[in-house]
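**Q** The lines below spell out each chain.
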Amino acid sequence: SAVISQKPSRDICQRGTSLTIQCQVDSQVTMMFWYRQQPGQSLTLIATANQGSEATYESGFVIDKFPISRPNLTFSTLTVSNMSPEDSSIYLCSVDQPGAEAFFGQGTRLTVV
Amino acid sequence: AQSVTQLGSHVSVSEGALVLLRCNYSSSVPPYLFWYVQYPNQGLQLLLKYTSAATLVKGINGFEAEFKKSETSFHLTKPSAHMSDAAEYFCAVSARSGSARQLTFGSGTQLTVLP
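These protein sequence lines map, in sequence, to chains A and B. For the first sequence, my numbering begins at 1 and goes up steadily by one. For the second sequence, my numbering begins at 1 and goes up steadily by one.
Think of the hints as simulated: they come from the structure by calculation, not from any bench. Bear in mind the structure is a predicted one, so any value in this text is a computation, not a measurement. Hints may contain errors.
[Unchecked claim] Simulated restraints on C-beta separations:
| # | chain 1 | residue 1 | chain 2 | residue 2 | range |
| --- | --- | --- | --- | --- | --- |
| 1 | B | G16 | A | D64 | 50 to 56 Å |
| 2 | B | N61 | A | Q41 | 34 to 40 Å |
| 3 | A | P39 | B | A53 | 32 to 38 Å |
| 4 | A | R109 | B | S12 | 20 to 26 Å |
| 5 | A | S1 | B | E64 | 30 to 36 Å |
| 6 | B | S80 | A | S27 | 49 to 55 Å |
| 7 | B | G16 | A | T56 | 45 to 51 Å |
Idealized CB from N, CA, C, for every residue including glycine.
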């Protein structure tokens with residue numbers, strides 16, 4: 001199984017600022033995924049981060065708001081830009097491995113004030 | 001297209017009592033089904049998964065779930081609740097595999113275990 005470390009685990013940010021969330025995996029993986037979990041709601045896939053190519057965004061999510069980097073096969077970042085209180089959520093990094101289920105990081109609990 | 005409905009956003013049981021968390025799914029193709037648990041300040045951990053083998057699936061920590069195609073259900077049960085079971089539980093459906101790209105999650109059920 002993959003071990004995923006996310007930083008920061010939580011943060012309180014001022015509106016209008018940006019926060020970059022880091023996701024580190026202990027093994028090389030082809031695809032990494034970023035999810036958002038809004039208060040009282042389900043997990044929603046934001047984008048798929050592939051090494052060496054642009055991230056693929058789901059409907060309703062755009063690169064200008066959620067830029068993603070994937071510099072190598074074990075690391076990715078998600079930036080939440082120009083934050084508003086509506087961005088207050090838990091952001092989760094996930095990976096999957098061939099023949100296995102999805103593994104998730106501990107999540108980043110973001111509060112925008 | 002696929003979707004998941006978890007009935008009851010909050011469930012409370014007494015320690016030692018039966019735990020029953022309900023999940024109904026919708027899928028246009030035979031589904032793979034999963035239950036994940038999220039303990040406070042932690043990520044999601046897989047409890048169990050159904051991938052078209054036995055309809056009764058046993059997972060970790062004494063949990064099990066039964067796939068009922070006729071009822072499009074995949075309810076999670078545990079015979080005797082323990083205080084350490086208090087957490088949020090998510091049911092998820094996938095059309096092909098357990099890849100995170102194809103998972104659709106339910107809204108979650110918060111389980112409280114009363115002493």
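**Q** Take the hints in turn and mark each one as holding or not.
**A** Here is how each hint holds up against the structure:
no., hint, in the structure
1, B:G16 with A:D64: 50 to 56 Å, "53 Å, holds"
2, B:N61 with A:Q41: 34 to 40 Å, "25 Å, violated"
3, A:P39 with B:A53: 32 to 38 Å, "36 Å, holds"
4, A:R109 with B:S12: 20 to 26 Å, "24 Å, holds"
5, A:S1 with B:E64: 30 to 36 Å, "21 Å, violated"
6, B:S80 with A:S27: 49 to 55 Å, "36 Å, violated"
7, B:G16 with A:T56: 45 to 51 Å, "47 Å, holds"
Going down the numbered hints, you'll see the structure goes against 2, 5, 6, while the others check out.
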